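Q: Line by line, the protein sequences are chains A and B.
All the letters of the first sequence, read from the start, carry residue numbers 0 to 171 under numbering that gives the first Met the number 0.
All the letters of the second sequence, read from the start, carry residue numbers 0 to 103 under numbering that gives the first Met the number 0.
Since no wrong hints were added, every one of them can be taken at face value.
Sample of chain B residues at the chain A side, in silico, Cβ under 7 Å: (1) CYS18; (2) LEU39; (3) GLN62; (4) VAL63; (5) ALA74; (6) ILE78; (7) LEU80; (8) LEU84; (9) ALA85; (10) TYR87; (11) ILE93.
Computed list of chain B residues with no C-beta within reach of chain A, every gap over 10 Å: (12) ARG99; (13) THR100; (14) GLY103.
For the record, the hints were derived by calculation from the structure and aren't laboratory data.
Since we're looking at a predicted model, the values are computed, not measured.
Every residue, glycine too, gets a C-beta built ideally from N, C-alpha and C.
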Amino acid sequence: MEGLSAEVVVFFFLAGVAVVGACGVAFATHIVYSALSLMLSFLGVAGLYVMLDADFVAGVQLLVYVGGVVVLTLFAVMLTQGIRDVKVSNRSAGRGFGLLTVVAVFALLWRSFQAAQWHRPVEYLAAESSTAAVGNALLGRYVLPFEVASLVLLAVLVGAVVLTRKETAESE
Amino acid sequence: MESAIGLNHFLAVGLILFCLGLFCVLTRRNAIGVLMGVELILNGANVNYVAFSKYSAAAVDGQVFSVFVIMLAAAEAAIGLALVLAIYRSFRAIDVSVMRTLRG
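Please work from the sequences and hints to get the whole structure.
A: Spelled out as structure tokens, the structure:
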């Protein structure tokens with residue numbers, strides 16, 4: 000193999016986007032910057048899914064996270080704080096303790112997955128779209144969790160409406 | 000055909016995302032910031048699922064699981080942010096250190 004292959008370059012680019020975005024979420028001083036970095040991180044992760052031949056998951060990631068969760072988060076920021084005082088309330092507490100815990104967890108997990116003996120895959124499957132296989136699995140083997148998921152989403156829908164509605168005075 | 004990028008590379012990315020999310024959850028005082036940290040943690044877990052699904056013989060099970068995780072993360076975001084709005088209405092703040100009504 001000559002030097003850097005395209006795969007390596009693309010991987011490190013996407014991983015870099017994801018990690019830089021995550022760093023922005025963790026360290027940005029402005030909550031709106033945090034939300035936008037979150038979007039960057041989600042985009043990087045969606046690219047990694049494409050590299051892993053998971054087209055459907057990448058599409059869902061784009062639709063649900065980038066299109067939904069980030070927008071929802073931004074709306075929550077706008078609704079709960081005036082644009083002006085957003086900065087004040089993104090303070091962090093206990094950075095030293097947090098850093099210590101995170102470094103410990105990182106070291107533990109890093110060591111454990113470096114030491115683990117993964118089964119070598121029998122053969123690398125050729126890159127092909129996995130959307131059909133995911134669809135068959137969702138409506139075949141995983142049909143019960145799939146239906147329960149729709150129930151959960153219905154409950155979430157109703158719950159979110161109930162939680163956020165305005166309390167109106169009882170009128171007899 | 001051995002590729003230069005292996006399972007461990009993807010696991011490392013997932014681990015870094017998880018750790019940054021954990022840091023966010025531990026240190027943020029803004030409730031929305033904490034929720035963003037949770038989203039990062041779930042994303043790190045999802046990267047692992049999809050990577051295992053590719054580098055193992057278990058077909059697409061990992062991808063199906065990651066779809067379910069994404070669904071639950073969206074539900075969690077919706078309910079979490081609705082709670083934040085409700086809290087904001089009663090406390091006029093979303094700083095998690097302000098909510099100490101239940102403190103003994």
